[in-house]
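Protein sequences, first through last, are from chains A and B. For what it's worth, the numbering used here labels the leading residue of the first sequence as 20, then goes sequentially. For what it's worth, the numbering used here labels the leading residue of the second sequence as 20, then goes sequentially.
Quick caveat, the hints were computed from the structure, so don't treat them as lab data. From the three backbone atoms N, C-alpha and C, an ideal C-beta is built for every residue, glycine too. Take every hint as true, because none was put in to throw you off.
What the simulated footprint calls covered on chain A by chain B, stretch by stretch (three residues with Cβ under 8 Å from a Cβ of chain B suffice, anywhere in the stretch; the number is not a length): (1) 99 to 109; (2) 203 to 216; (3) 400 to 407.
There are 2 protein chains.
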Amino acid sequence: MKLVILGADGYLGWPTAMYMSARGHDVIAVDNGIKRRMEAELGVEPLVAVAPLAERAKCWNELTRSTIKVVEGDIATDPTLLAAICSKERPEAFVHYAEQPSAPYSMRGLDECLLTHHNNVDGTLNLMFAVHDYVPDAHIVKLGTMGEYGTPNIDIEEGWLNVSHNGRTDRMLYPKKPHSFYHLTKVHDSHNLEFGCRMWKMRVTDLNQGVVYGFDTEETLLDPILNTSFHYDDVFGTVLNRFVVQALCGYPLSVYGKGGQTRGYLNIKDTMRCVELALLNPAERGEFRVFNQFTEQFSVQDLAELVQRAAAMKGLQIYLGYVENPRNEMENHYYNAVHTGLVDLGLEPHLLTEEVVGAMLDVASRHRERIRESTIPPRTTWERGAAERLAPSLAAEIETIEARALHGNGVAAPTLRK
Amino acid sequence: MKLVILGADGYLGWPTAMYMSARGHDVIAVDNGIKRRMEAELGVEPLVAVAPLAERAKCWNELTRSTIKVVEGDIATDPTLLAAICSKERPEAFVHYAEQPSAPYSMRGLDECLLTHHNNVDGTLNLMFAVHDYVPDAHIVKLGTMGEYGTPNIDIEEGWLNVSHNGRTDRMLYPKKPHSFYHLTKVHDSHNLEFGCRMWKMRVTDLNQGVVYGFDTEETLLDPILNTSFHYDDVFGTVLNRFVVQALCGYPLSVYGKGGQTRGYLNIKDTMRCVELALLNPAERGEFRVFNQFTEQFSVQDLAELVQRAAAMKGLQIYLGYVENPRNEMENHYYNAVHTGLVDLGLEPHLLTEEVVGAMLDVASRHRERIRESTIPPRTTWERGAAERLAPSLAAEIETIEARALHGNGVAAPTLRK
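Extracted from the complex, chain A is given alone in its bound form:
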């Protein structure tokens, strides 16, 4: 099928582009490079050097005689970009990864909160209008997150909940209580997309993905230039990836708080297969279909102990180091999430074992010299506001308001501020 991958330069976008290209699909890879700019701004780097998207595509195309077509542009700020792609290429499906993916980044302050909203929500809205206008039958496969649900005290269903109340029933969107502004933007996207299905008869599959771990897919192993951007830092690194790098450096594994925080997890290889299964079995016109995309549940404590055991098998003695939780979240809670939809379509999970962690330790070990240890401890707390950044301009703004707007009895000059 003809397929557009949005956010194709990312940790999952690039492996997905290759995976689908390897299986004979016609792939157009779109990215705005925002993640690389954020990395530079924050002083973090992936564990393994990552070639520019265009070079990776060139390598892939030469190696496999396939054609991944690269388009560099910003779907969030340039609505014409997606309109042009839709009008010219008539894609049959979209895989939409093009979102700022870090919860800690979104909680750094007001600027980052707003950037996350604009990049994520505007991009999805631009996609909805382009599909509605040019390729209304196309299937949007949108990456959501299990973090949209938060940690409810009842079982988590796949996006929808059958509710009985006062003797009547309805099938309703599952209520959401996420833990960061990043996760909130995914909740906003879900509501906007459900509306698109209801109003415009769009086809949407929302993949509420768990936490992904792992370096390698079949395709990344073909050439070092095809690596994906594995992060171990406090901003973009997911918990298992961070623990592996900490273990390798001989650090205590930084368990946040009590460590009872339980989430769904999956191997990057299973992400590839889940996206493929969603694409091969599209949602119906008008259907907002949700799958919970993970294979196993673990608490942070479970993962730390697993990494400890895997490290011990390599002769490394590692301790667990409990640190104050920079996040505001429950540390002991019920968690039971349904995840049968993708298994029903044919997913055969790669489960997480000491051997899988051991292989991750081996890869990390080969790139030991690139690890920037200072970027591992958490630098963002959930309490931070914007005051510090706004302070320099505050006195001037107060003066301006007073001078411009408040005369005599408090009545403003009639000119409007632009």
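Got chain A; can you put chain B on it based on the hints?
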């Protein structure tokens, strides 16, 4: 109390500013003038001429020896504005009306959809950060809408729903299925604010308001310059206000579709009292409190027949005119929404009668010469996309993408688009 009213130039913002000022509160009135610019763009006007905010405040202050302080500025694009107001004035409460309020406007196309998202969601985020940083104990009274709920097949509760599922229970946010991008932005705000309560211990009251009707409050009647901006057009006019003006012009009342669409309604006088009750009885720290703010439920058909009867009492014979529904919504549905929270705090509703409609007809009649009849029929359908607007730049964009990004085997030049 010291009180900031955001969106103080609007249909409800201005009467609320006077109402609270008349009751001895210290009012700071903030507006960015966006509604007036939208009116100019769309060629619509309120029924009665509306003086600039500063002039209205001057008139009020001279008449009553009170002080409504006006600040003209944009809380959505200038985060320093709210930081400065909070830091300098230390307000105890905010009434947040500062949102683009029209569902049809938000559905006109992509530009209007994005403007609605930016104005509404960004403004609320800026407010959250300013309160968190400078006045964390302040109470935010946020105007939401009953339209956030949509038309579920079960009773609508006040913001929260006790859910039993597989033998376990939780108190969850009531699931939302709104009918327009405007209503979606209010859903996004609700999620963001609930998060602020949970993470930052904010105090928030979310007033999910029904459809407001009426011209006059005790304070608007004191002087013609204190009028509020009553709209009867297809973009900003709510249904009863539109029917009153249609009746006066001798038009058939334009019932959309079957007319079974049922919603909650309230008199503008009750809006004033509801906001006051919320302010006098603030939410607790950390509490996201929701009230459904309306007094009676009516179907569109009910309202049309009511206006017909009221017109007949004035000797006007009016017909109902069924028109194709420009919206995509259920026209026959269950609707039963709880609205006891504000009554429990002391609300005594002004109910809708033939006499109330008769009084509205009298006011409209006094301004008959200002009615622009061409602005009454619906001009926006829910099906519209962005293609028409993007068309002129489309060919150029396709060329640019091809020229810039696709060389030889489809690999892009490595420069990033800004």
